[in-house]
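Undergrad: Keeping their order, the protein sequence lines are chains A and B.
For the first sequence, my numbering gives the first residue as 1, with consecutive numbering after it.
For the second sequence, my numbering gives the first residue as 1, with consecutive numbering after it.
Derived from the structure by calculation, the hints contain no laboratory data.
Even for Gly, the Cβ is constructed at its ideal location relative to N, Cα and C.
Honestly, I wouldn't trust all of these hints.
A short, non-exhaustive set of chain A residues, derived as facing chain B with CB atoms under 10 Å [unchecked claim]:
#1 V238
#2 W272
#3 Q304
Here are a few chain A residues that sit away from chain B, every Cβ distance over 12 Å (derived from the structure) [as the list claims (entries may be wrong)]:
#4 I69
#5 I93
#6 P123
#7 L358
Listed below are the residues making up each chain.
2 protein chains.
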Amino acid sequence: MINDIIELITQKQYTKLKAILSDMEPVDIAQLFDDLPERYMPLLYRLLPKESAAEVFVELDSDTQEMLIRGFSDTELKDVLDELYLDDAVDIIEEMPSNVVKRIIQHTAPEMRHSINEILKYPKDSAGSIMTIEFIDLKEDMTVRDAFTKIRRTGVDKETIYTCYVTDRNRVLKGLVSAKDLLLSEEDCVIADIMEKNPISVNTMDDKEDVARALSKYDFLSLPVVDNEYRLVGIVTVDDAIDVIEEEATEDIEKMAAITPSEKPYLKTGVWDTFLQRIPWLLLLMISATFTARIIAHFETALQSSLVLSTFIPMLMDTGGNSGSQASVTIIRGISLDEIDFSDIFKTIWKEIRVSLLCGVVLASANFAKMMILKEAALPIAAVVCITLVCTVFFAKLVGCTLPLFAKKIGFDPAVMASPFITTIVDAMSLFIYFNIATALLHI
Amino acid sequence: MINDIIELITQKQYTKLKAILSDMEPVDIAQLFDDLPERYMPLLYRLLPKESAAEVFVELDSDTQEMLIRGFSDTELKDVLDELYLDDAVDIIEEMPSNVVKRIIQHTAPEMRHSINEILKYPKDSAGSIMTIEFIDLKEDMTVRDAFTKIRRTGVDKETIYTCYVTDRNRVLKGLVSAKDLLLSEEDCVIADIMEKNPISVNTMDDKEDVARALSKYDFLSLPVVDNEYRLVGIVTVDDAIDVIEEEATEDIEKMAAITPSEKPYLKTGVWDTFLQRIPWLLLLMISATFTARIIAHFETALQSSLVLSTFIPMLMDTGGNSGSQASVTIIRGISLDEIDFSDIFKTIWKEIRVSLLCGVVLASANFAKMMILKEAALPIAAVVCITLVCTVFFAKLVGCTLPLFAKKIGFDPAVMASPFITTIVDAMSLFIYFNIATALLHI
């Protein structure tokens, strides 16, 4: 595909190229830019049909956007900006260096400039920062006919016209009417009679993840955003909610793997940035492994007299680590999905106790059989290893299920707090248990 | 909240209860059932306003649904079934035991029964299994006025009316018209003139994750599902896509933590089922740790002569494991989000080589300083540990980034194949490197 495009460009077959582009979805065109040599980008962009140029622009990555903006004439820049929806404009501005931002702000219409500044003042992860202020607001005394006239006159973005919001004179949110309700009602009906009262809404300062979760829970296409006086200031649409849900899952996964989350895709993050995302956790976890070294050093005499004990250290640590992270990861995801909260702690502990005993006994039996069959160690050593297994799995699951809940309770992020540390804690714990049982049972 | 409800039930304050319920969203009412003692459930359900009873029913968990169905009279069952949307009915049926399914099928209208059987025949993770067959299909020669008449007459579910699909006599998909386009067009316009041709569609047998990903990528509210002859058979709506996206992220997270995925929330899964989700992986990974035991046993003489080497085993293994899973988890998530595929393997390897050398050198320096300051070991031992660190991080990241890509290439699930095994592979590797460097450098 991309090679065909480059060939057409170099052969100056612009009419053919235009025809191909006009049949493509904006997001697919934007993907072409990913693989296109930079020198062809401005040319390809100028070949786009006017109506889709802005849509393509929104989907480009921010480096390409910046490059294009720097090459735009003032008229070209104005053309793009005039076509942008407000929330997209804000997204773009947030990624640009300040001199580019200045140029953008200079070329937006005064009304839009005002709105952009409004949205930019909301905190990064708030509902306010992802909302759009383009929506249809109706009044209670309008008829269905008036509503249709208003929709036709406003003609805003596709996600935003299917739920209309009803406000009073002070812009206080009173109700909502779906486009479906409007279509199924008589033209003379009054909005107040068909609207749904007390609609579910979110506050501008609510966390955007909670907003996305609510949209997903109620299966809405949009959710109204109100300020502290319950005045309607914007709406969050379902397509933005999906982005938040995907970002949030990626962030959780990264945190659980001891990576500082980034918003950029892997292939577009530089080596240095990737290094910075990873090194703090590796350093912290490496240093915290000093404990395990200390524990082994402490039991050096025991180890000296029965060196075979050392061969089972990796297995015990890994099984403990795996058991613990099975529990912690399940609980962390449950917390993220609002399925589990701190009040479930006793239910959770009781369940993990039973699961851990089942797992521990099965693992210990299997391991005992393996050690006997492969003649890996004498009977007393095998007993020590297997008893340690049961205890390690038990405590690992207990730590794994409680740590995320406590982290959440005291206001820390469970994914960051709990997951990377589970292995370290469980390692230290399992070695401690192992050597204590060994010294007691083997009298060394 | 739930205590107030129970109090009202026991005091037989049904009018008050009804008033409260009529103001609540169906999904919130369904959450009440989670905490309600079973004996009150049928009563509470019967107090629901008729129009929302079916919506609440859909949101209940399957155990509660089953319990209620068993208690329903035939008329009550029919009332619920008549109000259900087809895709919801299919979801419910898929969770029920066969005798309940039989009773449900008996009481559905013949046409719906036929459609249910149609959908049930699609494979579990296919587009066909999550689609709904309730959609608006228009013909090319209809006018906008005809279209509105058809929408009013059909009056289907909210997500499904906002994108209307245009088919020919053979039901072959020709185009789409959004409700917005209809509203903004003159009543006499012909559909063929305003419809978008060549709409993006999916096949009934496509993976539901790909369908959800496409809906999210294109910001559509629904996506048409066609059969091999390109005939329109159903649509997938955005609310179902969100569910798929959340499920998929949960599944990936579970697989990466060596858990067999389940569709039930943690608190609703029994102890035995949770045990079964976890034990196979724990067993497999425990057995595979036999390698590490063998490696240590092999180098027993080296260890005997320099026992302090053993104290650094946990730190080396953990740092290797963490480094490896940082890389593998990033790549696995990138594959899931369609950001990375096998053709990026050289780019990925080259990047990880540079990141791993940066990480390795920083970690080794920090560790060397720590070992010297805390006097944990003599200089030669410190040198062995630090060189091992650099090598381990290097190979761990290399394995971590390539394994998921190869798994994907040969058709295995990267999350299952790669993540749980990274630790085991890296453990064995780091021990092997450690002892080889130690024997070479320390002449033991």
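Undergrad: Does the structure break any of the earlier hints, and which numbers would those be?
TA: The structure breaks only hint 7.
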